[in-house]
Each structure stands twice: as structure tokens, then as C-alpha cells.
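Build the complex: two chains, separate frames, hints provided.
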Amino acid sequence: MLPVTGRKPVPLPKGMPPYVVVRLKRGWRYSESRRVCVSSEGQETSLCEGLPRGSRIVPVVPHAARADPKSLSKHEQNLARYMHVILRKGSVPSQYLGALRERPCVEDAQLPPEISLPE
Amino acid sequence: MARKQAEVGYVSPGISPPKGPDYIVMELRHDSRVAYSPTAFAGPTEVRKDTDALNKVLSAFRVKRVASHFGMKATQIRRRVTAAPPSHDRPVSGEFAHAGFVQIIPRRKEDLAALTRELNRLDSVWKAEVAPRPVPAPAPTGSSTVSRNFEPAQGYLHSPPNGIGAMEVWKQARQSGTGRGITICDIEGNWNRLHEDLPKRIPLIGGTLINDLGWKNHGTAVLGEMVSRPGPSGTVGISQGARAVVQSAVINGVFNTAGAIANATSKLGKGDVILIELQATGPNGKYVAMQYWDDVFSAIRVAVDKGITVVEAAGNGDEDFDLPIFNNTGLQKDSGAIVVGAGIPPTNFFDYFGSEWGFDRYGKIGVPRSRIWFSNYGKIVSVQAWGWHVTTTGYGDAQGGVSQNRWYTLRFSGTSSASPIVTGSVACIQGLAKAKHGQPLPPKKVRSLLISTGTPQEAGPGVPLSQHIGPQPNLPEVFRLV
Numbered sequence: 010m011l012p013v014t015g016r017k018p019v020p021l022p023k024g025m026p027p028y029v030v031v032r033l034k035r036g037w038r039y040s041e042s043r044r045v046c047v048s049s050e051g052q053e054t055s056l057c058e059g060l061p062r063g064s065r066i067v068p069v070v071p072h073a074a075r076a077d078p079k080s081l082s083k084h085e086q087n088l089a090r091y092m093h094v095i096l097r098k099g100s101v102p103s104q105y106l107g108a109l110r111e112r113p114c115v116e117d118a119q120l121p122p123e124i125s126l127p128e
Numbered sequence: 003m004a005r006k007q008a009e010v011g012y013v014s015p016g017i018s019p020p021k022g023p024d025y026i027v028m029e030l031r032h033d034s035r036v037a038y039s040p041t042a043f044a045g046p047t048e049v050r051k052d053t054d055a056l057n058k059v060l061s062a063f064r065v066k067r068v069a070s071h072f073g074m075k076a077t078q079i080r081r082r083v084t085a086a087p088p089s090h091d092r093p094v095s096g097e098f099a100h101a102g103f104v105q106i107i108p109r110r111k112e113d114l115a116a117l118t119r120e121l122n123r124l125d126s127v128w129k130a131e132v133a134p135r136p137v138p139a140p141a142p143t144g145s146s147t148v149s150r151n152f153e154p155a156q157g158y159l160h161s162p163p164n165g166i167g168a169m170e171v172w173k174q175a176r177q178s179g180t181g182r183g184i185t186i187c188d189i190e191g192n193w194n195r196l197h198e199d200l201p202k203r204i205p206l207i208g209g210t211l212i213n214d215l216g217w218k219n220h221g222t223a224v225l226g227e228m229v230s231r232p233g234p235s236g237t238v239g240i241s242q243g244a245r246a247v248v249q250s251a252v253i254n255g256v257f258n259t260a261g262a263i264a265n266a267t268s269k270l271g272k273g274d275v276i277l278i279e280l281q282a283t284g285p286n287g288k289y290v291a292m293q294y295w296d297d298v299f300s301a302i303r304v305a306v307d308k309g310i311t312v313v314e315a316a317g318n319g320d321e322d323f324d325l326p327i328f329n330n331t332g333l334q335k336d337s338g339a340i341v342v343g344a345g346i347p348p349t350n351f352f353d354y355f356g357s358e359w360g361f362d363r364y365g366k367i368g369v370p371r372s373r374i375w376f377s378n379y380g381k382i383v384s385v386q387a388w389g390w391h392v393t394t395t396g397y398g399d400a401q402g403g404v405s406q407n408r409w410y411t412l413r414f415s416g417t418s419s420a421s422p423i424v425t426g427s428v429a430c431i432q433g434l435a436k437a438k439h440g441q442p443l444p445p446k447k448v449r450s451l452l453i454s455t456g457t458p459q460e461a462g463p464g465v466p467l468s469q470h471i472g473p474q475p476n477l478p479e480v481f482r483l484v
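As you go down the protein sequences, you meet chains X and C in turn.
Residue 23 in this note's numbering sits at position 14 of the first sequence, with consecutive numbering throughout.
Residue 312 in this note's numbering sits at position 310 of the second sequence, with consecutive numbering throughout.
Chain C with its partners taken away, still in its complex shape (with noise of 0.2 angstroms):
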């Protein structure tokens, strides 16, 4: 999809100056009982010196055109003549006051200054000065220095039945609702570890980087829902408090999830999380969940046997994993890990992009929290959370310019953004129990108080609840029960 990348900060339209000739504005003494055409002043003959002196300025500078500067009729400025006070401070009506200002439009705009000059030495003139060129109010322009504060847009921090409830968190459980002390790794292929909302130095534990933007900014886009910074521009992570570390699927030259998966254990501890933001191509040609390779299912056991969650995106396959087809695969299995399927967001509504992918602009996707059309489910599906225009760093239809630190998207979707939100919520549990128990809850037990306090999944048209993707995390029911 084609779409205009916005500059960084404030955007300015870009306003060009209005068209048109500078001109004079000058105002004739009220007690001057002087009329003017479009080539000439005249008057009666005792004002005949002042008509003379006012001619000969325009003749000197070639003036091109004189003019009523509120468009007054000629029968409005002829009765100037006879309606004239005796003195310039007498009051006079709006209409004469308004008949005695002249536009003055010289042929060249360099005898603006010149003209001016000698049109205010003349005796029957009241004020002249250059009429000055509006323009709009200017706009703050792209050269802020600032990014601006998305974090109104992260509809997912709220309250539940909405949001998982992480604002809430924050406030109860201060630093240590934050993941303090927990260390999550991101398997993919790539990120932006420059971005200027995510923690500096974020260390790439193993593997290799796909050199392709579109794997940057999904990497980039994912460490932001989780760990970006909090302050007054930019977004703000579930896990702020946490520290990321992020480990490619590419080891030697070749996808490899399973040593992915395997090495991040070997360097992350009991409490920490692992989440797997990959998905591939199942039996019936439609995108499926890792754990469906033997190996990865292996993988995530050893990880988490050794204490350490793993969060893993169900997939954008609208695949059922309680198939035959599935029967004794991964798919209906327990591996032990978090399977996060994709449900609508309260938000709830497709943008102008809606028919680019057969849908109506602007129109409804659903029920809140019913499974999203591409999401996977199944029995082995854990726990959902916002699949649609999710707001974090990354991409930059929010907020693009030249530099890709500065990028913010407001549309990261799919399991992709599903699973950032669980994980993030995860890493805010266990630093909880860290700081309140002094351990870590095991994986097993995260997973179960996700579900069993969470925000239920709702039906929908065509998307019954047996398609089940599970409910959305509600963290301060979570954390009441640490």
C-alpha cells in the first residue's frame, strides 16, 4: 500500500504568497474635498493646488492605476466634494470616511518607498504607507526538534475492558510494575536500534540482520509497544522498566527459529521472556504458528522448563489449529508458551486504507475483542490483544521525515501487535512477583492468571466464540492476584 510518509513534527502546508501588485494605501484629509478617478484626482477649483500637486506625483512616478480601496462607487467619491468638514477632526460618516482611502498602484514596485514619501508631503493627505502582505498565521514547521506525544493514541495502555490496564499498573505498582528487572528477547530479523523512543545500546544476542526495511520496521515497531521510553514526545513500552535484547531467526545464512529460540535461552534467566514475531507457511497454504515445526515446539520446552516465558503470535493465516490436520503437531499441543491470536480493538473501525483490501472505507470491523478475520485460533490459543492500528515506533505514516529514528506508525497490525502487547504484560508481571516474592512466577502460572482474569472474548458475525482466540489481558486483576 502506497502511503505518503508525513514530515517529521508539525507539518506546514507549505503557503505561497498571495498574488496581486503591492500598492499604496493612502488616506485624504477628511476637510480635503478631493475626488479621484482611476487616472486623476480632481476637485472643485479652490482645491485645485492640491488636485495639481497629487497629479503631478502620479504623473513623476507613472502611476498605473488609482482605486477606492473599499470599492466605493464614483457617486460615493464625488460626494466627498460637497460633504467635506471644515476640519479633519470633525466626525463624518462611515461611508465618507471610508470614500477618502485610495489604492495607489505604481508601475514599478521599486517607486513604492519614493511614492509613499512624497504622498505624505502632500497637504491633502492624511497618512500613505506601503499596504503590508497577509498571510496566514504561520504554521509550526517541520524543523521541530521534538517528536510528537503519541502516547494519547496507545489506546491499548488503558483501562480494561479496553486497554490491558498497564497505565493502571504503572501507578499501583510504580517501578516494579514496569518489568524491572526482566529481560525479553525479540526474535525476528531486524530492527531500528537507533530509534530515538527505545532504550540505547539494545544488544543483538545472535544471528544475523536481514538488511530490508520492511523487517526493520516490524522489529522497530514491536520493541516499541514493549520497552519505548516514556516522556513527552514519542510512545511509551508496556516494559519500559524491562531491558530488551534482540536475537535474528538468521543463523548461518538460514532461518533457524528452533537456535534462535535455543540460544536466547542460553543467555536470558528464569522470569525473563522470549517472544517469537514469525509465523510460515502451514500444510493447508495458510499461515500458521512456529511451534507447528517439531523443533521449534522442542525449543520452546527446553526455554520454558528453564523458567523463561515465550510469547508466540498465533499467525495471520485464519488457519483453525483443531484441524485433523493438525492432530499431533505442535498446533494442539502445549508447548508451555503464550499463543497470542489477534482480536478487534474497541477502536474498531477501518480508515480511508479500509477498501484497499476488499473492505468498506471507513467502515465497522467487528465486535471488540472478537477474533479479527486473519487471525489464527484454536484450543492452543491463549490469550488475544489489539490486531489493528496499534501506535509505536516504526514505519512512519504517523511521523516520517528524512531520519527513521523519528518514525512512528499509528497502523502496526496482525498477531505482530498482538503479541508485543501480551508480552510487555508479561515482563510487568514477573517484575511484580520479582520485586514482591523475590522469584519470578513460572511461565505456567503467568499464562493461567492471563486467562483467567482476563477481559473475555467476544463473539462476533462470523466469528463465533469457537473460534477461540482466548481473552485480552487484564493486568490489574493480574496484579491483585500476585
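The shape of chain X in the complex, shown without the other chains (with noise of 0.2 angstroms):
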């Protein structure tokens, strides 16, 4: 029961799969078209190496993450950086934490926030 209303809080949407947010390391972006993350100075590695099969990337802010750094703004800019890691349905994104942190493009990988409305 909720605090507020005495209502049962909303339930979470069916259905919806488990993932992972991901912040990339200044400097670096993902490269939708290559599937791969493209540092400053030319180098790329997987972000999915590793995951479940089926694993997706997809920024959180796909206009940010496709513009050219220069024309960006600074929150723009740390915008692009974000990264939602979508796992295969039944994973357990805990799981998958440690690897994703350890990728020389990650600067950090989070749980997402446990959202709700404030009812």
C-alpha cells in the first residue's frame, strides 16, 4: 500500500526486459551502424562482448549520441554517453555489472532506478 492514497503502487510494465545503464568513458561514443563503442583516437571494443545473445545497445538519447561531439553542449555531451545495455528476457543484469565496468569504454554501469510515481 502506498503512504499517500492507500492504493497499491502501479505495478512495473509487463513485460519489460532487463537491463543495464551504462556510462562511457569521456571521449568515447557508440557507433550504432559498427555495433562497436569509437574512442577520440581511433581505438573500438564491444560493449556486448560477453552479454546474453541477443543483447542490445541503444543510447539513451539517440540524437545525442549520433551528433558530432563539437556541436553538443556539456550536458549534451554527457548525455551522449549513456548507454541502456537491453539483456535477453530472464537474465539477470546484476550478473552482468562487473563485466560491462571492466571494458576499457566504461566509465560506469548501473542497475537502472526502480521507477515509480510519486501518487
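Treat the hints as calculated values from the structure; they're not laboratory data.
One or more of the hints may lead you astray.
Derived pair list, reagent style SDA-like, types lysine to any residue, alpha-carbon separation capped at 20 angstroms [claimed, not checked]:
1) C/Lys381 x C/Pro326
2) X/Lys23 x X/Thr54
3) C/Lys269 x X/Ser80
4) C/Lys272 x C/Pro444
5) X/Lys79 x C/Lys308
6) C/Lys436 x C/Arg482
7) C/Lys308 x X/His72
8) X/Lys23 x C/Thr210
9) X/Lys83 x C/Asp307
10) C/Lys308 x X/Pro78
11) X/Lys23 x C/Gly255
Since the structure is predicted, the reported quantities are computational estimates derived from the model, not experimental observations.
Right under this line is the structure:
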């Protein structure tokens, strides 16, 4: 029961896949077309390595991730670093946090916030 | 909490007809010296013809019972024989007159009409008629074609210090004070965009809807506070002249609040307003505002930099944002958003359901405009608004029925109910600024005006002013300065 209205908390959407929020290091970008992370020096690395088959990488703000970093404001550049690593259903995202954090392009990997309605 | 939903429109309690047999009320002529018992009529010899005729009819219709209509005693009925005047038009006592009213109950309901006809033919009878079956005056029923008017329950629209003074500014500033020319984007998960009291064709500008009634009711209630249409029924939105759009926080099948804000930012312009109607669990296991997360914080900054005012629910975690655990997080930095806490409204009482979450049924909540017990608080919380029992669209506890399009609530609460009050206020201010100066105010100017002119926060038992949620907007004062 919610403390406010006495209503039952609204459930999370059914069928939402497990996912991890990844922040890339500064100077790294995710190339959607090549499905790899690319550094400003041209180094490439896969974000999906070691993840369950069928995992997807989706930029949190696609238009920022695709834009020339020089055209972005400081906060837009920050947004461009965020990726969702969407795992196959049934996966346990916490199992992949360690591996993701060890990727050379990753600054941090976290479980997503548990979102609800402030009713 | 299980709450019975009301029927649409006015409610009829469903009156069933009274029990008991149908009967005839017969009035004997005053000058007829006839008396009666439960089984027969009787009288002196000279009225034998009359009594025989009456008894013949009773016998022919197998009458079940004869009784005094006014419950007179046998002695009072017998007195008719001696007290009868020589003609019917002579004055008689009330007791005599009452004694002449006879209830005749046939065995068969089908005989009522014929029996009445036969009785009316007799010389000793003044009048006989089937007794009407009384029913209470009919109440208006659920077939009402229009919804009730809930505006009188929207106290948050009223003048400060109780409300935000929306009604005052509508009157002062006409159309420009209702948010005309401003677009509001609500970010959450679902809405009933077909609700009768909301503007038609509110567009979903991004994301996918969460297919759940709880999410749908919540979004509907939020929109109702801001943009429900004025009229003789339903509710009226604070910024009823504003345009509303909605953005789901679910993108690519997962929650992406930052992406939702960024998408809304790309589709809105300077002076428009984004409302973030979400919270999430923080490091202490309590709900916190979404700007705690760095990507959300950045997305808000981008929106504010574009001239879009962002309003954000502080969340219902009873959390102190000024704790050391939040150092260097978005809860102690200025994102540029107006963060909204929940205050106790002047209505200030729990209702019957108060006991269901551990409070006194019908007890007082606390001091009006003090922090309500669940609201988050801290330096970044800019302003407060009603966090309890806000009347708006959705849910159906005030008016329910088959169609969700006619549902209304008296009980929308939390920082959820407080945030749209502030969002609507912002839209009114920006509408006025645009109309008056040709351009909207910078978001931080809107925020500072709301803070500097607002009706101050109050302290209450266990909720000192140090638990900061800020003042409640005072639109008439802001309008004076814009």
C-alpha cells in the first residue's frame, strides 16, 4: 500500500526486459552502425562481448549520441555517453555489471532506477 | 484500498416498492347509518337494504378483510349509527368523518377495479377508489447525460493563502492568464486521452504507453489539474488555455526518463513546460526525485538551457535531500528545475479511510502548508502545493460508472498532485509574459518569482521549517510583477 492514497503501487510494465545503464568514458562514443564503441583516438571495442546472445545497445538519447560532440553543449555531451544495455529476457542484469565496468570504454555501469509514480 | 466506485451522474439508491396488499379506500356517506366489522357491514333495520348490498358485494368478490382506514376503534365505528346526520352535506366531527373511511382488501388483486366499480354503485357509498401505492419522490438516476460539476471541490484554484489564486488571475488577465500559447508536456506512462473533460487529440509525442489502469488514471489526473476544460460539468484546469502533449518514459521497452526529457525538449520551444511525474528508489531505499540520476540531471539542464521550464515531483519518500549521502548528486545541485514538494492543504482532514494507513479516521493531517509526512524535502525543493485530496479527472471515486471517460476523483495526492498545480501555474505565468512582453520568462526567473511571492511554508508538529519544501505559488502576486 502506498503511504499517500492507500492505493496499491502501480505495477511495472509487463514484459519489460532486464537492462543496465552504462556511462561511457569521455572521448568514447557508440557507433550504432558498427555496434562498437569508438574512442576519439580511433580505438574500437565491443560493449556486447560476454553478454547474453541477443543483447542490444541503445543510446539513451540517440540524437545526442549520433551528433558531432563539438556541436553539443556540456550537458548534451554528457547525455551522449549514456547507453542502455538491454539484455535477453530472463537474464539477471546484476551479473553483468562487473564485466561491463571492466570494458575499456565504460566509466560506470549501474542497474536502472526503480521507477514509480509519486502518488 | 478498495473503494466502491460511484455510478455515473447522480445516484439513485434503488427504491423498491413497499410491501403489503393492494386495497380500496371507501368513504361511507355521512348520512348512512352503517357500521362495520372486519368481516361484514351492519346497522339498524332501517338501513338493512344498504348493509345487505354492501355485504353482497363483499361476498361476491370474496373480500379478505374490512378495516378502518384510520385505525378507529370498534366503539368509534359503531357511533356512526347514532351520530349520522340527516344529510351528507351536514358538518360532522373529525372522528365521525374518519370512522367512515373503510379499507377493503380483496383476496385477488385482479378484482380491485371491478370491486371499486361495484362499491361506487351503492347508495351508502360516497366514493371508493384503489389506494395509491406511495413511493419516495424519484431521485435523479444514473442515466444523467452530463457529469456533475466538481469545480466547487477544486480549492487549490482559490485565492491565497488557501490556493494558488488561479481563479483570480483568469479573471484579471483573461485568455493570457490561462496558459494560452504555451505547451505543457507531461512525462509518465499512460493517460486517458479520451476523457470527456480533457482537450481533444492530446498527442503522444514519444515512447510507448504502459498498459495499466493505475498508470492511466495517474496521467489522467495530472492532465485534469492542468488542462481540463472549463464548463458546467467536470473540473477546470489551472492552465486550461495551454496545449498539452504527453511523452511516455518507456522507450525501446525500458524506462528511459532522460531520453523522454530529451525527446520532449526537441519538440518544445522557449516558454513551454515539461513536467516529470516520476520518482525512483534512492540509495536509502526511499523514493527520491529523478534528478538524482546524472543522465536525468543533464537532460533537465539541456531543457532549461533551451528556455523550457522543467517541473519535477520531489517524490514521496520522506527523504532529506540534504543528507551527506546525497553530496555531489543531483539532489544537492541546481538542475534549473522547479522541484515540487507536497504540502498539507487547508482542507486538512483525513476522511473515512484515514485509519487505513495508520492515522485517525477523520483526524487532522497537520498545519496547512506544512510538509505532509511523506513529502521529500531539502534545499533544492523550490515550492510546494496541495499534496492531499486534489479533485481532478480519473480514478472514479467521485464519479465512476462504465465509461472511464467520465471518471473523476476527489483524492489525487502526493507530490503527484502538487506538481501539476505548479506546472499549471508556470504555464499561466508564461502565457501572460508572452502576451504582455512578446516573449516568455527564463525558467529560472519563473522559479524565483514563484519562490519570492509564494505563500510561506508553515511549521507543524514534527515538521519544522528546516524540512524545506518552499512556499505555495501565489499567482496574483506573480502576475503583478510580470
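Does the structure keep lysine 23 of chain X and threonine 54 of chain X at a Cα separation of 20 angstroms or less?
Between lysine 23 of chain X and threonine 54 of chain X the Cα gap is close to 33 angstroms, so the pair fails against 20 angstroms, i.e. violated.
Assess, step by step, whether the Cα of lysine 269 of chain C is no farther than 20 angstroms from the Cα of serine 80 of chain X, and give holds or violated.
Distance of about 19 angstroms is within 20 angstroms: holds.
Just to be careful, I want the Cα atoms of lysine 381 of chain C and proline 326 of chain C compared with a cutoff of 20 angstroms; is the pair within it?
holds, 13 angstroms
Agreement of lysine 272 of chain C and proline 444 of chain C with the hint, judged by alpha carbon distance not exceeding 20 angstroms
holds, 8 angstroms
Lysine 436 of chain C and arginine 482 of chain C: Cα distance at most 20 angstroms?
Status holds; Cα separation ~15 angstroms.
Does glycine 255 of chain C lie within 20 angstroms of lysine 23 of chain X when you go C-alpha to C-alpha?
holds, 10 angstroms
Between lysine 308 of chain C and histidine 72 of chain X, does the CA-CA distance stay at or below 20 angstroms?
holds, 16 angstroms
Mind checking the alpha carbons of lysine 23 of chain X and threonine 210 of chain C for me, to see if they're no more than 20 angstroms apart?
holds, 12 angstroms
Lysine 308 of chain C paired with proline 78 of chain X [C-alpha distance capped at 20 angstroms]:
Holds, at roughly 18 angstroms.
Would you mind confirming whether the straight-line C-alpha gap from lysine 83 of chain X to aspartate 307 of chain C stays at or under 20 angstroms?
Between lysine 83 of chain X and aspartate 307 of chain C the Cα gap is close to 11 angstroms, so the pair holds against 20 angstroms.
Quick one, are lysine 79 of chain X and lysine 308 of chain C close enough, alpha carbons at most 20 angstroms?
holds, 18 angstroms
Hint compliance for this structure: hint 2 alone is broken.
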